[in-house]
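Student: Here is how the chains run, residue by residue.
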Amino acid sequence: MRKITFSEAINEAIFTAMRESNDVITYGLGVPDPKGVFGTTLGLQDEFGEARVFDTPTSENAMTGIGIGASLNGLRPVMVHQRVDFFLLALDQLINNAAKWNFMFGGVCRVPITIRLIVGHGWGQGPTHSQNLQSLFSQIPGLKVVIPTSAYDAKGLLLESIFDDDPVMFLEHRWLYGLKSNVPKSSYRIPIGKANLVNEGSDLTIVALSYMTIEAIQAIKELEKIGVNCDLIDLRSTSPLDFELIRKSVKKTGKLIAVDSSSKSFSVASEIIADCAIESYDYLQKPPRRVALEDAPAPTSFGLTNSYYNGALEIYNEAIGLLGIKEENTGSKFIKEKPHDVPGEWFKGPF
Amino acid sequence: MNLSELQASMLRIRLVEESIANKYSEQKMRCPTHLSIGQEAIAVGVCSNLTNEDQVLSTHRAHAHYLAKGGCLNSMLAEIYGKVTGCSKGMGGSMHLIDKSVGFMGSTAIVGNTIPVAVGSALAMKIQEKKSISCICFGDGATEEGVFYESINFAIIHNLPVLFICENNLYSVYSGLEVRQPKGRKIFEMVRAFGIESIHGDGNNVQQVSDYVDLARGKILSGNGPQFLEFDTYRWREHCGPNYDNDIGYRKEEEFLEWKKKDPLKDIFENKDLDLVKVLFNKFNAEIQRAHHFADNSEFPSDKDFQQIINS
Numbered sequence: 001m002r003k004i005t006f007s008e009a010i011n012e013a014i015f016t017a018m019r020e021s022n023d024v025i026t027y028g029l030g031v032p033d034p035k036g037v038f039g040t041t042l043g044l045q046d047e048f049g050e051a052r053v054f055d056t057p058t059s060e061n062a063m064t065g066i067g068i069g070a071s072l073n074g075l076r077p078v079m080v081h082q083r084v085d086f087f088l089l090a091l092d093q094l095i096n097n098a099a100k101w102n103f104m105f106g107g108v109c110r111v112p113i114t115i116r117l118i119v120g121h122g123w124g125q126g127p128t129h130s131q132n133l134q135s136l137f138s139q140i141p142g143l144k145v146v147i148p149t150s151a152y153d154a155k156g157l158l159l160e161s162i163f164d165d166d167p168v169m170f171l172e173h174r175w176l177y178g179l180k181s182n183v184p185k186s187s188y189r190i191p192i193g194k195a196n197l198v199n200e201g202s203d204l205t206i207v208a209l210s211y212m213t214i215e216a217i218q219a220i221k222e223l224e225k226i227g228v229n230c231d232l233i234d235l236r237s238t239s240p241l242d243f244e245l246i247r248k249s250v251k252k253t254g255k256l257i258a259v260d261s262s263s264k265s266f267s268v269a270s271e272i273i274a275d276c277a278i279e280s281y282d283y284l285q286k287p288p289r290r291v292a293l294e295d296a297p298a299p300t301s302f303g304l305t306n307s308y309y310n311g312a313l314e315i316y317n318e319a320i321g322l323l324g325i326k327e328e329n330t331g332s333k334f335i336k337e338k339p340h341d342v343p344g345e346w347f348k349g350p351f
Numbered sequence: 001m002n003l004s005e006l007q008a009s010m011l012r013i014r015l016v017e018e019s020i021a022n023k024y025s026e027q028k029m030r031c032p033t034h035l036s037i038g039q040e041a042i043a044v045g046v047c048s049n050l051t052n053e054d055q056v057l058s059t060h061r062a063h064a065h066y067l068a069k070g071g072c073l074n075s076m077l078a079e080i081y082g083k084v085t086g087c088s089k090g091m092g093g094s095m096h097l098i099d100k101s102v103g104f105m106g107s108t109a110i111v112g113n114t115i116p117v118a119v120g121s122a123l124a125m126k127i128q129e130k131k132s133i134s135c136i137c138f139g140d141g142a143t144e145e146g147v148f149y150e151s152i153n154f155a156i157i158h159n160l161p162v163l164f165i166c167e168n169n170l171y172s173v174y175s176g177l178e179v180r181q182p183k184g185r186k187i188f189e190m191v192r193a194f195g196i197e198s199i200h201g202d203g204n205n206v207q208q209v210s211d212y213v214d215l216a217r218g219k220i221l222s223g224n225g226p227q228f229l230e231f232d233t234y235r236w237r238e239h240c241g242p243n244y245d246n247d248i249g250y251r252k253e254e255e256f257l258e259w260k261k262k263d264p265l266k267d268i269f270e271n272k273d274l275d276l277v278k279v280l281f282n283k284f285n286a287e288i289q290r291a292h293h294f295a296d297n298s299e300f301p302s303d304k305d306f307q308q309i310i311n312s
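If you're matching them up, the sequences are chains W and E in order.
Quick note on this note's numbering: the first sequence kicks off at 1 and runs consecutively.
Quick note on this note's numbering: the second sequence kicks off at 1 and runs consecutively.
If you're looking for bench data, these hints aren't it; they were derived computationally from the structure.
All figures in this text were calculated on a predicted structure; none of them were measured in a lab.
All clues given are correct.
Counterexamples of contact, computed for chain W against chain E with all Cβ distances above 12 Å:
(1) Lys3
(2) Pro127
(3) Leu136
(4) Lys180
(5) Pro184
(6) Ser187
(7) Ala274
(8) Pro299
(9) Glu337
Below, a sample of chain E positions facing chain W; criterion: calculated Cβ distance under 7 Å:
(10) Ser121
(11) Ile127
(12) Ser312
Pairs of lysine-lysine residues, derived as BS3-like cross-links and limited to a Cα-Cα distance of at most 30 Å, are as follows:
(13) W:Lys194 with W:Lys248
(14) W:Lys326 with W:Lys248
(15) W:Lys194 with W:Lys221
(16) E:Lys126 with W:Lys35
(17) W:Lys194 with E:Lys304
Every residue, glycine too, gets a C-beta built ideally from N, C-alpha and C.
Given only the sequences and the hints, what does the whole structure look like? Please build it.
Tutor: Here it is as structure tokens:
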């Protein structure tokens with residue numbers, strides 16, 4: 001099977017959806033521009049025309065409401081914003097309308113809108129260009145929140161999101177766009193709410209999401225070398241959240257680390273630990289741990305981001321700490337050749 | 001619809017609203033309720049020109065729009081009573097009315113937030129090549145929201161079949177225009193500067209409202225783009241609730257009395273054909289009484305109904 005990048009997989013999912021249904025439209029600031037939202041919307045306007053694929057005014061709130069109105073009339077809008085942070089201007093339309101419309105009118109008005117939002121990490125993006133707001137959206141009943149890691153999942157989950165009858169927040173991590181995986185050319189869908197067991201092991205459960213799954217994969221490889229075998233669960237969506245799979249795993253391992261890309265308080269990781277305390281208390285052998293960011297806005301300076309962000313090293317250290325393994329200089333296992341604030345040498349900015 | 005039909009429609013709405021005000025203290029209608037008394041001419045003048053395929057979205061003050069568009073009276077009152085037979089199965093209350101069968105697509109409780117939804121409906125109509133228009137009713141307060149400008153701007157760019165109806169009743173809750181907008185501003189003139197055809201009329205003159213809307217709808221369907229109409233009117237009762245509130249100090253009794261002289265229903269009350277008027281009163285009051293009875297005797301939604309809707 002061929003390998004394509006995460007951004008190519010997103011692009012392919014939108015192409016597929018728009019071919020499958022004339023009801024699908026795609027819009028957002030920069031959708032038809034030469035960069036095509038990190039390549040994810042390239043070629044769409046050429047294929048499907050200006051009526052179904054269009055650029056927009058810089059009006060996040062109205063464009064969200066317009067998507068709601070269009071979706072109430074049978075269309076399936078796919079809206080994208082270059083940053084989740086920009087979309088915060090649209091919280092009225094999202095929270096008061098999209099999330100509640102079907103409920104507040106007695107269940108007869110579905111709002112099948114998909115809102116693609118890009119979340120970030122490092123490279124000077126700072127406090128208002130790199131927030132990871134999955135827990136904020138997951139707290140709103142009526143919204144689904146999808147947050148894929150692999151290119152394969154991105155395509156299957158985006159297709160599922162577009163054809164879901166409810167509003168879906170689709171969070172794409174900026175650092176995943178260049179990562180490749182096997183992706184079928186055909187159309188396929190992955191159900192929302194089913195997490196992915198990336199690795200099986202009986203010593204420890206690690207739950208991660210989005211880019212942090214990539215860091216967790218590196219951590220569990222090193223843990224294997226010292227004889228620690230982990231269940232690694234990639235959530236794929238935070239609302240609904242696949243608590244069943246986590247409970248099943250914790251029942252087996254008795255130990256849990258929840259890894260999140262957001263600040264720690266009231267995070268998805270916190271919710272997972274809360275569920276574990278309520279539902280899996282009898283199986284727990286050790287107190288669960290949480291790997292998430294300090295409760296602070298993201299710093300911009302290169303001098304601060306290394307200690308602010310977590311990665312494989314922090315996950316590894318929490319794991320051996322939880323297991324009571326004493327080890328010196330664990331940092332030597334995770335020496336990065338690239339600068340710490342980019343996903344790879346290929347990343348040169350400017351945004 | 002000739003003048004007497006327009007008047008009859010306004011009278012029916014007035015009597016419904018007064019029945020709600022009269023029964024509100026029974027504490028059976030347990031939700032915030034914003035009455036349209038005094039503003040009926042705009043709802044009737046607008047909706048009398050629309051077909052069932054034309055859509056209307058409205059605000060927290062939606063009763064008149066819903067009824068003028070042909071929304072079911074029983075379902076509206078049942079909704080206000082919080083009953084499962086309500087138009088939103090009791091999930092919405094007075095501020096969340098809907099009757100899709102007649103093109104009344106909903107009303108919400110957040111100022112300005114149905115404006116982009118109506119523009120989105122118009123976008124869908126354009127893409128789907130439908131011969132209908134989307135109409136959005138809102139107040140003067142909504143013109144102070146950013147989303148108002150954003151929505152009109154987009155509607156102009158895409159030449160969408162949308163009719164903006166601004167009901168200027170001078171107040172946003174208790175705050176008058178003088179503390180909210182620059183002195184001398186005319187909303188319709190400001191909007192015209194955005195690049196949209198915009199005119200201003202007497203919102204208490206139902207025939208004028210109807211004529212302006214007829215013209216505007218024709219222009220929209222001929223491809224001339226979105227249209228904006230501002231109508232002056234006045235809210236007779238308190239912002240939210242059944243009472244008059246001219247005594248609490250934010251506006252003067254004299255101002256209300258001036259507007260009362262311009263009652264949109266004055267022609268019907270001054271009509272010499274007393275028998276005809278009496279027949280209408282009796283007919284509507286009987287219908288309204290039955291509707292209250294229906295609402296009062298309907299069931300509340302059950303926990304099962306609630307679960308069914310949230311899990312649907």
